[in-house]
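Assemble the complex: chain A is given as a structure, and chains B, C and D with the ligands must be docked to it using the hints.
Chains as they are written, first to last, in my numbering: chain A, 20 to 144; chain B, 20 to 144; chain C, 94 to 479; chain D, 94 to 479.
Just so you know, these hints were derived from the structure itself, not from any lab. Hints are not guaranteed to be accurate.
[Said to hold, decoys possible] Here are the simulated PhoX-like pairs of lysine-lysine, each with C-alpha atoms no more than 20 Å apart in a straight line:
1) K135/C <-> K323/C
2) K46/A <-> K119/A
3) K479/D <-> K46/A
4) K114/C <-> K119/A
5) K203/C <-> K311/D
6) K323/D <-> K308/D
7) K471/D <-> K30/A
8) K178/D <-> K203/C
9) K348/D <-> K366/D
10) K46/A <-> K115/D
11) K115/D <-> K114/C
12) K308/C <-> K143/C
13) K478/C <-> K46/B
14) K199/C <-> K323/D
15) K348/D <-> K115/C
16) K313/D <-> K313/C
17) K365/C <-> K348/C
18) K256/D <-> K308/D
19) K115/C <-> K311/D
20) K468/C <-> K30/B
21) K478/D <-> K46/A
22) K308/C <-> K281/C
23) K114/C <-> K114/D
24) K178/C <-> K178/D
25) K178/C <-> K308/D
26) K119/B <-> K471/D
27) K178/D <-> K311/D
28) K199/D <-> K323/C
29) K46/B <-> K479/C
30) K199/D <-> K199/C
31) K281/D <-> K256/D
32) K471/C <-> K46/B
[As the list claims (entries may be wrong)] Simulated restraints, written as ranges between beta carbons of each label pair:
33) E467/C <-> E154/D: 20 to 28 Å
34) K471/D <-> P277/C: 58 to 66 Å
35) D140/D <-> D224/C: 26 to 34 Å
36) G432/C <-> E100/B: 50 to 58 Å
37) N40/A <-> S353/D: 51 to 59 Å
38) S22/A <-> K382/D: 41 to 49 Å
From the three backbone atoms N, C-alpha and C, an ideal C-beta is built for every residue, glycine too.
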Amino acid sequence: MYSEKLLDHFKNPRNMGRIENADGIGKVGNPVCGDVMWIYIKVRDDRIADIKFETFGCGAAVATSSVITELAKGKTLEEAEKITNQDVIDVLEGLPPLKKHCSLLAEQGLRAAINDYREKQRAKH
Amino acid sequence: MYSEKLLDHFKNPRNMGRIENADGIGKVGNPVCGDVMWIYIKVRDDRIADIKFETFGCGAAVATSSVITELAKGKTLEEAEKITNQDVIDVLEGLPPLKKHCSLLAEQGLRAAINDYREKQRAKH
Amino acid sequence: MIYLDHNATTPCDPVVLEEMKKWFTEMFFNPSSIYTASQRAKEAVEDARKKVARLLDASSEEIIFTSGGTESNNIAIIGTALLLKNRGNHIITSLIEHHAVLNVCKFLEKNMGFQVTYLPVDKYGIVDPDDVRKAINDRTILISIMAANNEIGTIEPIEQIGKIAKENNVVFHCDGVQVAGKIPVSVKKLNVDFFSLSGHKFYGPKGIGALYVRKGVKFKPVFYGGHQEKGLRPGTENVPAIVGLGKACEIAEEKMAQDSSKEKILRDELEKKLVERIPEIIVNGHPEKRLYNTLNICVKYVEGESMLLHLDFEGICASSGSACTSGSLEPSHVLLALGIPPEVAHGSLRFSLGRSNTMADIERTADVLPEIVEKLRKMSPFWNKK
Amino acid sequence: MIYLDHNATTPCDPVVLEEMKKWFTEMFFNPSSIYTASQRAKEAVEDARKKVARLLDASSEEIIFTSGGTESNNIAIIGTALLLKNRGNHIITSLIEHHAVLNVCKFLEKNMGFQVTYLPVDKYGIVDPDDVRKAINDRTILISIMAANNEIGTIEPIEQIGKIAKENNVVFHCDGVQVAGKIPVSVKKLNVDFFSLSGHKFYGPKGIGALYVRKGVKFKPVFYGGHQEKGLRPGTENVPAIVGLGKACEIAEEKMAQDSSKEKILRDELEKKLVERIPEIIVNGHPEKRLYNTLNICVKYVEGESMLLHLDFEGICASSGSACTSGSLEPSHVLLALGIPPEVAHGSLRFSLGRSNTMADIERTADVLPEIVEKLRKMSPFWNKK
Ligand SMILES: Cc1ncc(COP(=O)(O)O)c(C=O)c1O
Ligand SMILES: Cc1ncc(COP(=O)(O)O)c(C=O)c1O
Ligand code: FES
Ligand code: FES
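In isolation and in its complexed conformation, chain A is listed as follows (with noise of 0.2 Å):
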């Protein structure tokens, strides 16, 4: 059903945990499966200095996750924001159908956290 490559970003996933005093901070979930993603960004020089994902959800949750926070870090904003989900699983080299949505979250989730981002600078100004 899943990759190798999926399999291996399940098994070890990169950046995960929370980041204290997170620059930005985005939460998504999908109402259908109950999967939740949280993805924390540390923003330095409009670059993604450091970035951490929490999920609760399946292996391809996890796995994108871990992904998107790969795909992401050290890319400046504008960039990172480019990034889609089928990026994604073509760093993962495929998912099964039903599992598409997946990396919808973690696309979601990372454009989230950006846009946490760049609301709370409009704040601070």
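What follows is chains B, C and D with the ligands alone, placed relative to chain A:
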């Protein structure tokens, strides 16, 4: 499906054939299965002195023909008329449900032969 | 023993059984489960699906596994009727279909307000495509015609009927149970929307069949339950049987050419010998457009079951029509549709050959049957009357 | 490998497979044919029918072979609905039935004008017989309640419900797939009219099941075709699988007492250890009225699939609910019916034990799972929030 007894009567039918100048002939058939049985009798002193059959039909039809001729042979007409399909079934040690009607054909064939004989007698007088 | 009843069922090829075994025991897993071992079972199912698809020149997504030919026919016909009943209530089929088509049509007539046209056939058992065209009206939603008849072996002009169905936008189901694994089939070329097959008719296991469903063609499921077979046929997958069916398809592809030329020679020889040796017999079915393994004869003035019993005493297995109607007393509906009188139809015998048969089998059968016929004719009032 | 998913499917007992073998190859004959060899196949089928009947305390004439539990449920429910639709259009079932009952009921609601009452259950999953009584109205034609639930193992008060059905002259179907072969069943004592079972749930083959139909109870067939199974379930009989099912019934009778006491000890031990070692877990189902082999837990703040994948890495096969719903994303309808919140229901795990399990399996599972839970909880926003 069929008993050993039935298969024996089928393989080696008793009284098979025709009686030329029979005293009575019973010609019966079942319109559903298309099977046909002809029973020939020779009568002496109100007794069935000889009896033969010709049958176009299933294994059970052949066997019941054979059995009914054996049961009838030597009996008085009155006795012979009382032979039922159940007597035939008993000799054959049972019949499959779908094949009960074959034994009825034998009963009817014998009775038709006796009736035929009686009518011919009546016609003579 | 001489087995000449391959249209009723075939022995499971030992290679097929061997392939199935481990899926009963070590690899018994439910393909729907999540763990790795289950995924192996799932892969085996998908691999078998590919093999079935290849046999029919279809793609895997177009194959649904069922419990056999009867189920394949039923779900194609009932499923289409349920789906399209608001579009029309007319079905076209033929008088010589298997009961797994005919009795479904009768059910739809009696219980769901359908009208069914039962097309006649010519004296060889062939459906005229022109009759199909003429029978189509604006309420026609389905045509169901068999690829080859199980009793007489006549092969129907499916490709032409398929064309007509397509032109008129009518769904076309073909009961292919007697041809799958015996002759090359391309569902694409045949223009069929549904095609049924059954594993045990070509050396696969019993209790497993498949239904080809052309991409884009829909039907309403008949059974409801889990999500298996895309919800179109729920129930825990019968993995060993599915694997066996796949293997049988693979073997059929390999052996088809060789089987067919061998069996045709044997069948023709049997036909020739019986016609020579037994007076007043009729050979049923089309002289050429006929399954290479099937010989159906009517022996006048003798009844079929009696001949079968005597053949059985000699160790020869044959049938008089289809196995599924052995519970019935009436003469074959197929032979009656050919215009054969009932009393002659009662004297029918079907010999259907298979991989294991040899020329010795044929010679013995052709030696034994004439004697049996003679014996029974001696007993027959009709013969003696002549 | 440690297999703890016996409610999904069981390995076919090697003795069962051994018994089946010759019916694939040497004795492959169609039981409907007339020759002696076929009669052997027919006898084997009837012998198996007796064994199935004995397991259920029924008589042979009351047993129909089907392709599995799904088909048994479908033909009992649809067949009754078709037969009695002019007498009434109301069906009573429960919220926790298998999809092979629930989705059939939904089909009848959507497509055939039926009204269905889905009875609630208490927090243990038990249907209150009084609720059944109250739900009956003068249009009620059928009650369908399962003998034991496949996910949580809760055993329903079938005997009482059967009494109520009888008093009210309503047909009663019981999905017995999870109890047949596991606990003693007497269809007579249970007052059921229909009872479904499936071979592969108790070490028999897949693709074969049976339906008990009480003498005198009628239903309309769903499939049409030949005369097999009295025309109630046409199609060439799956002789090897039928023989295998019969053998599995025989073995089940022999081993039931021993299996149940052994598995109960193991299951209880697993339950005890997991409850001790993992904080914040819930044990689902009734504490006593529960299948002796089933343990269903909810591990709060963790999602089920993730646990299953980690268990699989450790060579442990388990499931989170039923196998047939693994194609669905929603939480278990059974757990929701118990009143468990969706986010907790997502964290469900089902362990179902079987003949081969040992105390070592239990110990290893109880060692491994707490670590897995800890790892996943570390990743969970809910756990970390607490
Ligand atoms: C033409 C045809 N259709 C359908 C069937 C039914 O197949 P099964 O008995 O495998 O369900 C058969 C054989 O019995 C057949 O010959
Ligand atoms: C309670 C219950 N009913 C019905 C079924 C369906 O049985 P099968 O998958 O063998 O058709 C199952 C198992 O899948 C079950 O657990
Ligand atoms: S199943 Fe919904 S996120 Fe994976
Ligand atoms: S079948 Fe009619 S007489 Fe035997």
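TODO: Identify every previously stated hint that the structure contradicts and give their numbers, smallest first.
DONE: 4, 9, 10, 15, 17, 19, 25, 26, 30, 33, 35, 36
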